[in-house]
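Following the hints, position chain B against chain A.
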Amino acid sequence: MDQTIYRSHVLICTGTGCVSSGSRDIKVKLEDELAKYDLTNEVKIVETGCHGFCEKGPIMIVYPEGVFYCQVKPEDVEEIVEEHLLKGRIVDRLLFKEPLTEESIPSYKQIDFYKKQKRIVLSNCGRIDPENIDEYIAIGGYEAAGKAITEMTPQEVIDEVKESGLRGRGGGGFPTGLKWQFTHDAEGDKKYIICNADEGDPGAFMDRSVLEGDPHRVIEGMIIAAYAIGADEGYVYVRAEYPLAIKRLEKAIAQAEEYGLLGEDLFGSGFNFKLHIKKGAGAFVCGEETALMASIEGKRGMPRPRPPYPAQKGLWGKPTNINNVETYANVPYIIKEGAKAFNSIGTENSKGTKVFALTGKINNTGLVEVPMGITLREIIFDIGGGLTKGKKFKAVQTGGPSGGCIPAEYLDLPIDYDSLKEVGAMMGSGGMVVMDEGTCMVDVARFFLNFTQSESCGKCTPCREGTKRMLEILNRICAGEGKEGDIDLLENLAHHIKDTALCGLGQTAPNPVLSTIRYFRDEYEAHVQDKKCPAGVCQGLAAAYVIDEAVCVGCGMCAKNCPVDAISGKPKESYRIDPDLCISCGACAEKCPVDAISQG
Amino acid sequence: MSCTEVTDKLKSLAELRELREKLQKEMATRSDSDKPKLIVGMGTCGIAAGARNILKAILEEVEKRKIDVTITQTGCIGMCEKEPLLDVKLPGKERITYGNLKVEDVKRIIVEHVINGKIVEDLVVGRLEEGGI
Numbered sequence: 001m002d003q004t005i006y007r008s009h010v011l012i013c014t015g016t017g018c019v020s021s022g023s024r025d026i027k028v029k030l031e032d033e034l035a036k037y038d039l040t041n042e043v044k045i046v047e048t049g050c051h052g053f054c055e056k057g058p059i060m061i062v063y064p065e066g067v068f069y070c071q072v073k074p075e076d077v078e079e080i081v082e083e084h085l086l087k088g089r090i091v092d093r094l095l096f097k098e099p100l101t102e103e104s105i106p107s108y109k110q111i112d113f114y115k116k117q118k119r120i121v122l123s124n125c126g127r128i129d130p131e132n133i134d135e136y137i138a139i140g141g142y143e144a145a146g147k148a149i150t151e152m153t154p155q156e157v158i159d160e161v162k163e164s165g166l167r168g169r170g171g172g173g174f175p176t177g178l179k180w181q182f183t184h185d186a187e188g189d190k191k192y193i194i195c196n197a198d199e200g201d202p203g204a205f206m207d208r209s210v211l212e213g214d215p216h217r218v219i220e221g222m223i224i225a226a227y228a229i230g231a232d233e234g235y236v237y238v239r240a241e242y243p244l245a246i247k248r249l250e251k252a253i254a255q256a257e258e259y260g261l262l263g264e265d266l267f268g269s270g271f272n273f274k275l276h277i278k279k280g281a282g283a284f285v286c287g288e289e290t291a292l293m294a295s296i297e298g299k300r301g302m303p304r305p306r307p308p309y310p311a312q313k314g315l316w317g318k319p320t321n322i323n324n325v326e327t328y329a330n331v332p333y334i335i336k337e338g339a340k341a342f343n344s345i346g347t348e349n350s351k352g353t354k355v356f357a358l359t360g361k362i363n364n365t366g367l368v369e370v371p372m373g374i375t376l377r378e379i380i381f382d383i384g385g386g387l388t389k390g391k392k393f394k395a396v397q398t399g400g401p402s403g404g405c406i407p408a409e410y411l412d413l414p415i416d417y418d419s420l421k422e423v424g425a426m427m428g429s430g431g432m433v434v435m436d437e438g439t440c441m442v443d444v445a446r447f448f449l450n451f452t453q454s455e456s457c458g459k460c461t462p463c464r465e466g467t468k469r470m471l472e473i474l475n476r477i478c479a480g481e482g483k484e485g486d487i488d489l490l491e492n493l494a495h496h497i498k499d500t501a502l503c504g505l506g507q508t509a510p511n512p513v514l515s516t517i518r519y520f521r522d523e524y525e526a527h528v529q530d531k532k533c534p535a536g537v538c539q540g541l542a543a544a545y546v547i548d549e550a551v552c553v554g555c556g557m558c559a560k561n562c563p564v565d566a567i568s569g570k571p572k573e574s575y576r577i578d579p580d581l582c583i584s585c586g587a588c589a590e591k592c593p594v595d596a597i598s599q600g
Numbered sequence: 001m002s003c004t005e006v007t008d009k010l011k012s013l014a015e016l017r018e019l020r021e022k023l024q025k026e027m028a029t030r031s032d033s034d035k036p037k038l039i040v041g042m043g044t045c046g047i048a049a050g051a052r053n054i055l056k057a058i059l060e061e062v063e064k065r066k067i068d069v070t071i072t073q074t075g076c077i078g079m080c081e082k083e084p085l086l087d088v089k090l091p092g093k094e095r096i097t098y099g100n101l102k103v104e105d106v107k108r109i110i111v112e113h114v115i116n117g118k119i120v121e122d123l124v125v126g127r128l129e130e131g132g133i
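So the protein lines, in turn, are chains A and B.
Going by the numbering used here, the first sequence opens with residue 1, and the numbers climb by one from there.
Going by the numbering used here, the second sequence opens with residue 1, and the numbers climb by one from there.
Here chain B stands alone, though its shape is the one from the complex:
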């Protein structure tokens, strides 16, 4: 995205602020505010089990729903049997690990857990109290 797409000149401070709102989202990846974290297991085991597609599905959902989250990956945590794994950590809440995921599960996790705060119990394979790893 560059300013060449814009032809209109800014005619007031309000217009500048409006533009800023629009542009801010892209910079969010570089801020360290307390945002929901989605962590995908991307060890060799995770990748073999299809974690790449899970990650892509997450990106699509996040883009579609315009939500502000941090997406990172992690290596093998030893539960290779249950890969692909996805951890969801909401600010101030316990870290939930979902396992044996399929691409279609991603949408449910994002809508129910990330947006509405309700844990998708049937997919949970582990939990960590806050202050854990």
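If we strip away everything but chain A, and leave its shape as in the complex, we get:
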């Protein structure tokens, strides 16, 4: 019997995060076990995109109950099949446990990580099979595109997007409807549309997860935008380092073409739209729109001065609209549910939701989608489950290498485009790195500057030379060779680069340095004047470690782990550290069972 109704669906996450923690093996094992128990015709296995909770992967959700299993291993599969799928008994030990209460939570909707989220862009991620267009259509996919093309004029579509208040999710925050209007109004017989999926910020993976988990949503958003501005051809510019995203996108485009949802005469309206994928070679600067277009044209990926803006002269000199993955992914919702449904979420000037990649020293790392206006505290402590090992919060870095660090005093700041800018950070594409008290802010600034410096394309002098000089100063400060006036010099250089660099990469590169000086100037001063790294990170500066003889039990663990043999003593007696040899690496303090070692 050709069965199409299954009593149970087992969703296995095959996003990049869960694949790397072994979800493919689990799928194979599950197929075997289902066959063994003769359940193949009753239970359907569905591969899905990222659920966002990568920290707890591999993730499996069993419907109809909606039971959420985490950190599933191949050896757990037999028990899940026999106990849950055959006998209907939930396997308690694989449920998620709240870090604070230790309580097991069977349904994922009850988990704190998901409770405070508002999912529009990610609503299908982890819920449908991204490689099967039928599942997307079954939950109402492509209806927004059909509605726009057959029931609305291009201007009506643009007006709806304008009214929704949607702003560019790639970081700049430019009003999307306005951008579309410019390209719509531009003169030209041929227009292009581009999706910027060149996600390059360290630690950011929002766009990848959307492309992997719900590629059709992005395609649908692009169809609507193409119709609105009058483009008949489009490109998705995606980094070659995202093989799974590319594979799923290719499959999705092929399936959409098969249904006639891409190609010629969409919905019998006479509107044509062809979509291509262009793989980028992973240069950070290619996320800048003019460099990105140069790269598609086959030229070296370097930015050019604007104006002319892409809306007037873009790809191959034709009017072009460029938006980010997440921006397009919001569009079907706006057309389908209406601008009002969208602009009822968020703050006065920032509507809707934002996806953040939550990483760093936090319990629940992963991908979260929250309404604009939520506070940092809610994201970090309620959704993120607080800091690891109960450590104290120091700062959160948003916006990647273009952004800044926000200190604890702003934890209750409702976040949107404007509030983040006011405190010297930015929304950026949505990276959010949480730092604890053990983080040296000078070292953080150096890390980000090192990144932008090596990604600088070299076309303009301020970025090429300026960031290099700034990095040299930071390296010097971290090595304990900081000079009086270094901090002022850094600030001075930073402002010059901001004002004179050619593109967004250079103009924002000094932000991490400026924001850390703004909020943590005392740390810079400690490095330069007192030759001390308060967090004990910069090895050139950290004070030597000392052993408290009254506490030491003489186990010898410290001496065994010292990489430079600076620790001497006899077992059962007190050990001591030679301050001249100690490199302050902290290995001894970490191993000490009685916490007898601290920095002097």
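A portion of the hints provided could be inaccurate.
[Said to hold, decoys possible] If you want a taste of the chain A side facing chain B, the calculated C-beta under 8 Å gives, among others:
| hint | residue |
| --- | --- |
| 1 | H9 |
| 2 | E42 |
| 3 | D134 |
| 4 | Y259 |
[Said to hold, decoys possible] Here are the simulated lysine-lysine pairs, PhoX-like style, with alpha carbons at most 20 Å apart:
| hint | chain 1 | residue 1 | chain 2 | residue 2 |
| --- | --- | --- | --- | --- |
| 5 | A | K44 | A | K27 |
| 6 | B | K35 | B | K22 |
| 7 | B | K102 | A | K87 |
| 8 | A | K498 | A | K468 |
| 9 | B | K25 | A | K44 |
| 10 | A | K44 | B | K66 |
| 11 | A | K87 | B | K82 |
| 12 | B | K11 | A | K274 |
| 13 | B | K9 | A | K147 |
| 14 | B | K64 | A | K44 |
| 15 | A | K44 | B | K56 |
| 16 | A | K278 | A | K318 |
| 17 | B | K56 | A | K87 |
| 18 | A | K44 | B | K37 |
| 19 | A | K162 | A | K147 |
| 20 | A | K73 | A | K27 |
| 21 | A | K147 | B | K11 |
| 22 | B | K66 | B | K107 |
Hints are computed from structural coordinates only; laboratory data are not their basis.
For glycine and all other residues, C-beta sits at the position ideal for the given N, C-alpha and C.
Okay, now just chain B, sitting in the frame of chain A:
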């Protein structure tokens, strides 16, 4: 089911909606709407008494009659003597437990109770008011 079976291109919004109707049923397992629930006792006792065949019969009936229900299993509830057990819970109604079932009883329960709302009294072994377990 994949789109490769379809050769015709969609030529209008109406055609897309029609296709959606067809595809929706399969996704119903993943929605949490208030649907009739069929719960089969699948403890060791239930399985020993033949619950697997009851479950298979339910699946066949549901497929044949194209009805929208949630099918789940439960463990032993202590009435091992009366296995195989099947609970039917219609939205807003009390939960009815049927016991000592044979495969041929499944059809009656589905037609009379699940579809027409009439409890098959001669097979009932227990009831739970709404708001119970």
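Hint by hint, here is what the structure shows:
{"no.": "1", "hint": "H9", "verdict": "holds, 5 Å"}
{"no.": "2", "hint": "E42", "verdict": "holds, 6 Å"}
{"no.": "3", "hint": "D134", "verdict": "holds, 5 Å"}
{"no.": "4", "hint": "Y259", "verdict": "holds, 5 Å"}
{"no.": "5", "hint": "K44(A) - K27(A)", "verdict": "holds, 11 Å"}
{"no.": "6", "hint": "K35(B) - K22(B)", "verdict": "holds, 18 Å"}
{"no.": "7", "hint": "K102(B) - K87(A)", "verdict": "holds, 19 Å"}
{"no.": "8", "hint": "K498(A) - K468(A)", "verdict": "holds, 14 Å"}
{"no.": "9", "hint": "K25(B) - K44(A)", "verdict": "holds, 14 Å"}
{"no.": "10", "hint": "K44(A) - K66(B)", "verdict": "holds, 18 Å"}
{"no.": "11", "hint": "K87(A) - K82(B)", "verdict": "holds, 17 Å"}
{"no.": "12", "hint": "K11(B) - K274(A)", "verdict": "holds, 17 Å"}
{"no.": "13", "hint": "K9(B) - K147(A)", "verdict": "holds, 17 Å"}
{"no.": "14", "hint": "K64(B) - K44(A)", "verdict": "holds, 18 Å"}
{"no.": "15", "hint": "K44(A) - K56(B)", "verdict": "holds, 15 Å"}
{"no.": "16", "hint": "K278(A) - K318(A)", "verdict": "holds, 18 Å"}
{"no.": "17", "hint": "K56(B) - K87(A)", "verdict": "holds, 14 Å"}
{"no.": "18", "hint": "K44(A) - K37(B)", "verdict": "holds, 19 Å"}
{"no.": "19", "hint": "K162(A) - K147(A)", "verdict": "holds, 17 Å"}
{"no.": "20", "hint": "K73(A) - K27(A)", "verdict": "holds, 10 Å"}
{"no.": "21", "hint": "K147(A) - K11(B)", "verdict": "holds, 13 Å"}
{"no.": "22", "hint": "K66(B) - K107(B)", "verdict": "holds, 13 Å"}
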